Amino acid sequence: GESVGLHLPTLSVQEGDNSIINCAYSNSASDYFIWYKQESGKGPQFIIDIRSNMDKRQGQRVTVLLNKTVKHLSLQIAATQPGDSAVYFCAENGGAGGTSYGKLTFGQGTILTVHP
Amino acid sequence: DAGITQSPRHKVTETGTPVTLRCHQTENHRYMYWYRQDPGHGLRLIHYSYGVKDTDKGEVSDGYSVSRSKTEDFLLTLESATSSQTSVYFCAVSPTDNEQFFGPGTRLTVL
Chain A
2 GESVGLHLPT
12 LSVQEGDNSI
22 INCAYSNSAS
32 DYFIWYKQES
42 GKGPQFIIDI
52 RSNMDKRQGQ
62 RVTVLLNKTV
72 KHLSLQIAAT
82 QPGDSAVYFC
92 AENGGAGGTS
102 YGKLTFGQGT
112 ILTVHP
Chain B
141 DAGITQSPRH
151 KVTETGTPVT
161 LRCHQTENHR
171 YMYWYRQDPG
181 HGLRLIHYSY
191 GVKDTDKGEV
201 SDGYSVSRSK
211 TEDFLLTLES
221 ATSSQTSVYF
231 CAVSPTDNEQ
241 FFGPGTRLTV
251 L
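Chains as they are written, first to last, in my numbering: chain A, 2 to 117; chain B, 141 to 251.
Because the hints were derived from the structure by calculation, they are not lab data. Bear in mind the structure is a predicted one, so any value in this text is a computation, not a measurement. Be aware that one or more of the hints could be misleading.
With a Cα cut of at most 27 Å, we get these calculated DSSO-like pairs of lysine-lysine [claimed, not checked]:
(1) B:K151 to B:K197
(2) A:K69 to A:K57
(3) A:K43 to B:K197
(4) B:K151 to A:K43
(5) B:K210 to B:K197
(6) B:K210 to B:K193
Working from the sequences, and respecting the hints, build out all of it.
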């Protein structure tokens with residue numbers, strides 16, 4: 002899972018395996034969460050989001066799971082491909098409403114390496 | 141890609157000089173954000189805008205100012221660049237104050 006510090010967590014998998022990337026978020030008031038993928042030299046790319054009234058949401062080859070009890074978020078990637086190699090970030094909104102204006106707090110990221 | 145461009149993409153400057161980075165979007169989204177990304181710190185919010193001429197400070201706003209005179213452009217200015225501002229700067233936009241879409245980034249080096 003993600004943590005604050007100089008060294009990012011890493012996950013190495015073989016092509017075709019399923020990957021699970023974890024994230025512990027900090028703010029119990031957060032009600033919106035996003036996963037981003039960032040390839041080297043590029044900006045973060047939106048993957049999937051989930052609201053706090055849901056426990057699970059599926060996209061194309063990706064699933065996000067939310068456990069509000071323990072403030073944990075996970076991203077599952079099915080049949081991982083070499084093109085999935087990147088840094089993955091989770092982000093939380095700290096609670097909507099008021100003057101939040103969509104501000105997000107990002108985790109440190111996890112490096113996913115997929116071996117052919 | 142939400143039609144986001146950033147300019148310049150790379151810049152090298154000297155300590156004490158002013159620097160302005162530009163973010164341009166083509167989708168007329170209301171919300172715009174400036175982040176910096178550094179090893180060990182992830183993405184940190186510098187300033188954000190919730191409309192034309194409506195801006196506010198983020199987590200790491202010291203040494204930075206912003207302006208948004210029209211919907212499509214959000215400018216980030218370093219009044220007097222310092223070496224600690226060497227970083228990769230990302231602009232993001234959001235139509236609904238939920239999901240944010242990022243630009244390609246500007247790599248700034250302050251010597």
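Evaluation of the provided hints:
Our distance criterion of 27 Å between C-alpha atoms is met by K151 of chain B and K197 of chain B, whose separation comes to about 24 Å. Only pairs whose Cα atoms come within 27 Å are accepted, and K69 of chain A paired with K57 of chain A is accepted, the gap being roughly 11 Å. Proximity of K43 of chain A to K197 of chain B is assessed by CA-CA distance (about 25 Å); at most 27 Å being required, the pair is judged to hold. For the suggested pair K151 of chain B and K43 of chain A, the alpha carbons sit about 16 Å apart, so the restraint of at most 27 Å is met.
Between K210 of chain B and K197 of chain B, the direct Cα distance comes to roughly 19 Å. Compliance with the 27 Å bound is thereby established for this hinted pair. At roughly 8 Å between alpha-carbon atoms, K210 of chain B and K193 of chain B fall within 27 Å of each other, so this suggested pair holds.
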